[in-house]
Every structure is written in structure tokens, then in C-alpha cells.
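Protein chains: 6
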Amino acid sequence: MSNSVEEFNAYRAKMNDKILADNNKIIKRIFNLDTNAFSEGVLDKKTKELLGLVASLVLRCDDCVKYHLETSHKEGLSKDQVAEAMSIATLVGGTIVIPHLRRAYEYWEILETSR
Amino acid sequence: MSNSVEEFNAYRAKMNDKILADNNKIIKRIFNLDTNAFSEGVLDKKTKELLGLVASLVLRCDDCVKYHLETSHKEGLSKDQVAEAMSIATLVGGTIVIPHLRRAYEYWEILETSR
Amino acid sequence: MSNSVEEFNAYRAKMNDKILADNNKIIKRIFNLDTNAFSEGVLDKKTKELLGLVASLVLRCDDCVKYHLETSHKEGLSKDQVAEAMSIATLVGGTIVIPHLRRAYEYWEILETSR
Amino acid sequence: MSNSVEEFNAYRAKMNDKILADNNKIIKRIFNLDTNAFSEGVLDKKTKELLGLVASLVLRCDDCVKYHLETSHKEGLSKDQVAEAMSIATLVGGTIVIPHLRRAYEYWEILETSR
Amino acid sequence: MSNSVEEFNAYRAKMNDKILADNNKIIKRIFNLDTNAFSEGVLDKKTKELLGLVASLVLRCDDCVKYHLETSHKEGLSKDQVAEAMSIATLVGGTIVIPHLRRAYEYWEILETSR
Amino acid sequence: MSNSVEEFNAYRAKMNDKILADNNKIIKRIFNLDTNAFSEGVLDKKTKELLGLVASLVLRCDDCVKYHLETSHKEGLSKDQVAEAMSIATLVGGTIVIPHLRRAYEYWEILETSR
Chain A
1 MSNSVEEFNA
11 YRAKMNDKIL
21 ADNNKIIKRI
31 FNLDTNAFSE
41 GVLDKKTKEL
51 LGLVASLVLR
61 CDDCVKYHLE
71 TSHKEGLSKD
81 QVAEAMSIAT
91 LVGGTIVIPH
101 LRRAYEYWEI
111 LETSR
Chain B
1 MSNSVEEFNA
11 YRAKMNDKIL
21 ADNNKIIKRI
31 FNLDTNAFSE
41 GVLDKKTKEL
51 LGLVASLVLR
61 CDDCVKYHLE
71 TSHKEGLSKD
81 QVAEAMSIAT
91 LVGGTIVIPH
101 LRRAYEYWEI
111 LETSR
Chain C
1 MSNSVEEFNA
11 YRAKMNDKIL
21 ADNNKIIKRI
31 FNLDTNAFSE
41 GVLDKKTKEL
51 LGLVASLVLR
61 CDDCVKYHLE
71 TSHKEGLSKD
81 QVAEAMSIAT
91 LVGGTIVIPH
101 LRRAYEYWEI
111 LETSR
Chain D
1 MSNSVEEFNA
11 YRAKMNDKIL
21 ADNNKIIKRI
31 FNLDTNAFSE
41 GVLDKKTKEL
51 LGLVASLVLR
61 CDDCVKYHLE
71 TSHKEGLSKD
81 QVAEAMSIAT
91 LVGGTIVIPH
101 LRRAYEYWEI
111 LETSR
Chain E
1 MSNSVEEFNA
11 YRAKMNDKIL
21 ADNNKIIKRI
31 FNLDTNAFSE
41 GVLDKKTKEL
51 LGLVASLVLR
61 CDDCVKYHLE
71 TSHKEGLSKD
81 QVAEAMSIAT
91 LVGGTIVIPH
101 LRRAYEYWEI
111 LETSR
Chain F
1 MSNSVEEFNA
11 YRAKMNDKIL
21 ADNNKIIKRI
31 FNLDTNAFSE
41 GVLDKKTKEL
51 LGLVASLVLR
61 CDDCVKYHLE
71 TSHKEGLSKD
81 QVAEAMSIAT
91 LVGGTIVIPH
101 LRRAYEYWEI
111 LETSR
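Quick note, the sequences are listed as chains A, B, C, D, E and F, same order.
If you use our numbering, the first sequence corresponds to residues 1 to 115, in order.
If you use our numbering, the second sequence corresponds to residues 1 to 115, in order.
If you use our numbering, the third sequence corresponds to residues 1 to 115, in order.
If you use our numbering, the fourth sequence corresponds to residues 1 to 115, in order.
If you use our numbering, the fifth sequence corresponds to residues 1 to 115, in order.
If you use our numbering, the sixth sequence corresponds to residues 1 to 115, in order.
Keep in mind that a hint or two might mislead.
Computed spacing ranges between beta-carbons, pair by pair [said to hold, decoys possible]:
id, chain 1, residue 1, chain 2, residue 2, range
1, D, Ala-10, B, Gly-76, 46 to 56 Å
2, B, Glu-40, E, Ser-78, 51 to 61 Å
3, E, Asp-44, D, Asp-80, 35 to 45 Å
Pairs of lysine-lysine, DSSO-like flavour, derived with a Cα cap of 27 Å [claimed, not checked]:
id, chain 1, residue 1, chain 2, residue 2
4, F, Lys-74, E, Lys-18
5, B, Lys-25, F, Lys-45
6, A, Lys-28, C, Lys-45
7, F, Lys-14, E, Lys-18
8, F, Lys-18, A, Lys-74
9, F, Lys-74, A, Lys-46
10, C, Lys-28, A, Lys-45
11, F, Lys-79, B, Lys-25
12, A, Lys-28, C, Lys-79
13, E, Lys-18, C, Lys-45
Since the hints were derived computationally from the structure, they do not count as laboratory data.
Cβ atoms here follow ideal geometry from the backbone N, Cα and C, with glycine treated the same way.
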């Protein structure tokens, strides 16, 4: 698995375009909702990103974790905040979360050093 | 399934006592961690409760959801905040989350009317 | 857990109403998609119901299984067709699916005898 | 949920009979395998029961847990052995396993007192 | 992860041979059932392949998805039919299914262009 | 995915160090528990390793499976014992476990030939 932020995003973008070009209504709307759900609401964006991160981590979806780590980083969340959220995910989800935690730490490091 | 807050808490307390009386070190420490993880840190208690709620909901653990709904309620989170967190869980976890969402709404209503 | 079709549907309807009254956009749209996804498309309704049933069964969501059993029954799918779909779910999802299979068989019987 | 051993077994037996009467080959063979997999092999029955118990607990299947608790009890496994196995399941599977652990402890107590 | 159909199948075949050479009865029979379950029955092969695909996708098993995409392709299912089935899986299983949907679209494209 | 035992362990060790350097109490304690849970108790180490292996396999965590395969190998468990445990995991967890079973067999072979 490549850890490069650019590569990850390029693949995501390329495949998302192909999926959306397919004009399947259900999938299109789910993609749309995904953008909407994490925008400012009664909860701020930072909190929502952490919610998305924890949901992704307990469900052990590496790509979803990467995505929320990147947006968390962009929103200005600190490493300590992200780590605290991930510690809750590890406790709730159990030690099977740990391999995903390793990859999450690795990706966060790349995000921090890549600018 | 009983929805009464008291009944739910009484069963939880009774069985937790029996489990802890058993003196299994691993389980005792996991119970301990559970208390620690949701105390004030770089993230505040409210945020942590929402993280616990979303993790519980996407993993479809009704009892865990109830527990975090009650602590969320005690911490003063509003219904709108809780509902927004749960909408993220429903999107990330899919429509199989909906039956648990129904029971969560029902339990929140009980929490609001029971004082 | 009540097995009565009416009770199950009444609870579902009551709680869905409360959830939708809440006006959370994300949840509303997910509910909407749920109706859309199972309407006639390049795949017919019967096939789609079986897909929903199998997805629900491998994810071990009893309420979702009940829902799709009822719509499968309304669409005129036979017990043999439903059972064959469920056998695939049991093979793919493993023996942990069996307790849900028991409840599914029980509910199908109720659906067949309740008219 | 009824905790009575007899009630649980009666429902299981009744529904298993109905499922098997249906003559679906795939399901019949899976039921058969289930009996075979836990018989004496290079691993003894006790070890296999504990494996089945831990698999059931991390996958959070209450009925499967009950079944393996009963067979573990019959095979003469002690409460300490069962508890130690369940502590591994709780660590690996996370705190979402705890509600199932409560019900497992409750059921074990019933098994111990019901003879 | 290699996307080449040949490489994927070669690895599958090589490891399946090693597993089956081991003569473990339970595993052998499960492999056998897997062949049986998707053969013509009261449901036709195409429908069964779609059921296998949706079950694999909601359980987020990339290799299982690839396998059912290939057999779906061989059975003559169209991209639209496969996409519609996958849209149901995405709705039921939530946005964590999306990374697997990307890889599924990529693999389908390879299947379509590889002959 | 690299199958080399050394590479796998080096990555694990490197990332574990970084995670633990972070001084997050919850995560540190979970790592600690992980060491404790698999030490000799009323159940011996071999049995515990098999329990960890089966839990990891039904939860489909390849890295966790590799880890427990390596410790099982060190503890002197035979291939037949490991295979029998994994057959229970495959039956309980379903055919979606099979791709992980392939990788487990491959890794075991590497463990056996690498000394």
C-alpha cells in the first residue's frame, strides 16, 4: 500500500470520477451526502472530522481513516487531539484496531512532514 | 428489551459487579480504562462522549449506545448535537444502523422525560 | 423480541416518524435513498429484495432481515427462493448467521400464515 | 431475551428442525459441519469449545455464546478457564464485547445453578 | 495489491491447492459447498452471483468481490446490473464500502478490457 | 503486502515505538494488556495463542493473524493444530474468511522454512 498522500488522492479522485460518470443515482447521492455530513452544523467541522475518524477506525477502513486524517490535519486538529480520539477507537474496537492505528500514525507523520 | 433507564442501569451494575468480583486482571483493567478514556483530556468530555456514541452506533451495540446517550445527556449535550453525531454514524455505517438509530431515539426520549 | 408483523411495523413507523420529524437532512436523505434503491431498475424488484435480504443477513441485522422478508413476501417471492438466497448468506457469513436464520424462518412462517 | 437454558434449547431445536425440514442442501451441510468441527481431533474438545466461544464472543453473537457456554460446561471446563478465554475475546474485540460478556456471565451462572 | 486477473487467480489457485492438500475435512467441505451454492437452483446463476457479490461487498472482502465480479462477468451480467447491485451494497453497508467500490470498479474495467 | 517475517516485525516494532513514544495512557495500557493476556494462566500459552488466532481470523485482521501464527510457531504448536483451529474460524466466520486463510497458510509456510 502506498502511503504517499498524492498517490492516495490521485487514485481516489480517478476512481471516484469513474464511479460518478456511471450515473448511478444511489451512489451519486451517497457521495453527495458524504460531503454534506461533514460540513459545519450544530457540531463544528473539527468535531465531525474526529467522529468520522473514530467511525472509520473502529470499522477498520484504512482508506477512510487516511481521508479523515487528511481533513483533520487541514482543519488544524493537533496530533494530541487526533491521538486521543484514536485511543477511544482502540479501546472500543479492541486490539484488532492496532494494525490500523500503526498505519494511521504513519500517515499522520507523512501529512505533517509533507508541507 | 427494556427501555427503562433504571432497569438498564441496574442490570449493568449487577453484572459488572459479578464480573469484577471474578478478579480476572485483564477484564478489570479494561473496565478501568473505560472510565479513564472518557474523562477530560485534550478533548473535552462532550466530544469524547460523542466519539463513544458514534463508535458504538457504527458497531451496532445497543447497550453501548444507551450508555453513551445517558452520559451525553448528563454532560448537557443537546438533542441536535446528538442527532448530528448519529447522522454521521448512519452515513458511515449504512442503513443497517437504522434499527439501532430507532432504539437510540426512543432511549433519548426516555432520558429527556425521565427527570 | 416480538414477532408479530403488525407490532414490528407499528414500532418501525412510529420511530421513523419521530426521526424524520427531527429534520436532520442527512438522515432524511438516507431514508429517501432506501426507498429508491429497491425500486425497479435494470434489476427487477424481486432480485433487489433478495440482495437487500442477503446483505442484511450477513450483517446480522434482524430488523433489516424482517423488513426484506416482508417485502420479498409481498413481491411474490417463494419460500424456496428466499431460502436459497439465505443459504448463500449463511455460507458466506458463517455459522454465526444461523441464529438470525432461525428468526428469519420464524418470521417468514408468520408472514405466510398471517393472511 | 429469555435466559432459561430449557427455553433457549427448545427454541433452537424447534427452529433447527424447521430449517432442516426444508431440505436446502447448503444449509443442511453447514449444520452437519458444525457438529463435526467441534468433535475430538488433534485439538481436544475442551480447546475447541473455547475456540468456538471466543469466535462467537468477538463476533458478538449471543446465541452462539450461549451454545458454546453450555457445551463448555458439559465438557467440564471451569469458570476460571471460561473467564480467561472470554478476557482474551474482550481485549481483542474491545469494549463493545462487554454487554455480551455480561449476558455470558449471567448464562454461565444459570448453567451452574441449574443442576 | 495486484489487479491483474491472472495474478489474482494464480495466487488463489496455488494457495487453495495447498490448503486442500492439507486434508482438513471441515475446510475441504466448506470449499465444496462454495462451488455448490452458486450453481443453478430455484434462483439462476446470475442472481446468485449478484447475491455473492453484495454479501462480499457489505462484508468488505476485496478478494471475494473480485471473485464474484469475475464470475458475474463470465455469466454475462452487464456493468449496469453489477453497478446497481453494488449501489444497494453501498447503501446498506455505508460509506465505508466506498473504498472497496473503487477497487471493484477498477477490477471490472480490467475484466472488460482483458479479453 | 510483504510476507517476510522480518519486514513485518520491523514495521510493527518501528510503529509500536512511535505510538508508545506518544505517551497516550489508554493506548499504552492496551498494549500492556496485550502482553499480559497471552501469558500462562489457568489456560496454557498454546491454548491462548490459538484463541488469539481464531479471534483474529474471524475478525479478518491479517496482521493480527500473522502475529499469532508467529507466536503459535514459537510455542511449538504443530501445523495440524493450527489448521484445526483455523478450520473452526472458517466455519464460524464463513467463506469471507478464506482469503485470510490463504494468506495465513502462506505465512505459516514462511515461518516453517525461515529457520
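For each hint, the structure was consulted:
Ala-10 (chain D) and Gly-76 (chain B) have their C-beta atoms about 47 Å apart, which keeps the hinted 46 to 56 Å range intact. In this structure the hint that Glu-40 (chain B) and Ser-78 (chain E) lie 51 to 61 Å apart at CB holds, the actual value being about 56 Å. About 53 Å separates the C-beta atoms of Asp-44 (chain E) and Asp-80 (chain D), a value inconsistent with the hinted range of 35 to 45 Å. With a CA separation close to 22 Å, the supplied pair Lys-74 (chain F) and Lys-18 (chain E) stays within the 27 Å bound.
For the suggested pair Lys-25 (chain B) and Lys-45 (chain F), the alpha carbons sit about 16 Å apart, so the restraint of at most 27 Å is met. Proximity of Lys-28 (chain A) to Lys-45 (chain C) is assessed by CA-CA distance (about 20 Å); at most 27 Å being required, the pair is judged to hold. Distance check on the hinted pair: Lys-14 (chain F) and Lys-18 (chain E) sit about 33 Å apart at the alpha-carbon level, beyond 27 Å; violated. Restraint check: the Cα-Cα separation between Lys-18 (chain F) and Lys-74 (chain A) comes to about 22 Å, which is no more than 27 Å; the hinted pair holds.
About 45 Å separates the Cα atoms of Lys-74 (chain F) and Lys-46 (chain A), which puts this hinted pair outside 27 Å; it is violated. Distance restraint check for Lys-28 (chain C) and Lys-45 (chain A): the Cα-Cα separation of roughly 20 Å lies within the 27 Å cut-off, and the hinted pair is therefore satisfied. With a C-alpha separation of about 31 Å, the suggested pair Lys-79 (chain F) and Lys-25 (chain B) falls outside the 27 Å cut-off, and the hint is violated. Taken as a hint, the Lys-28 (chain A) and Lys-79 (chain C) pair is broken in the structure, with Cα atoms around 34 Å apart against an allowance of 27 Å.
Our distance criterion of 27 Å between C-alpha atoms is broken by Lys-18 (chain E) and Lys-45 (chain C), whose separation comes to about 42 Å.
Hints 3, 7, 9, 11, 12, 13 from the earlier list are contradicted by this structure; the remaining hints agree with it.
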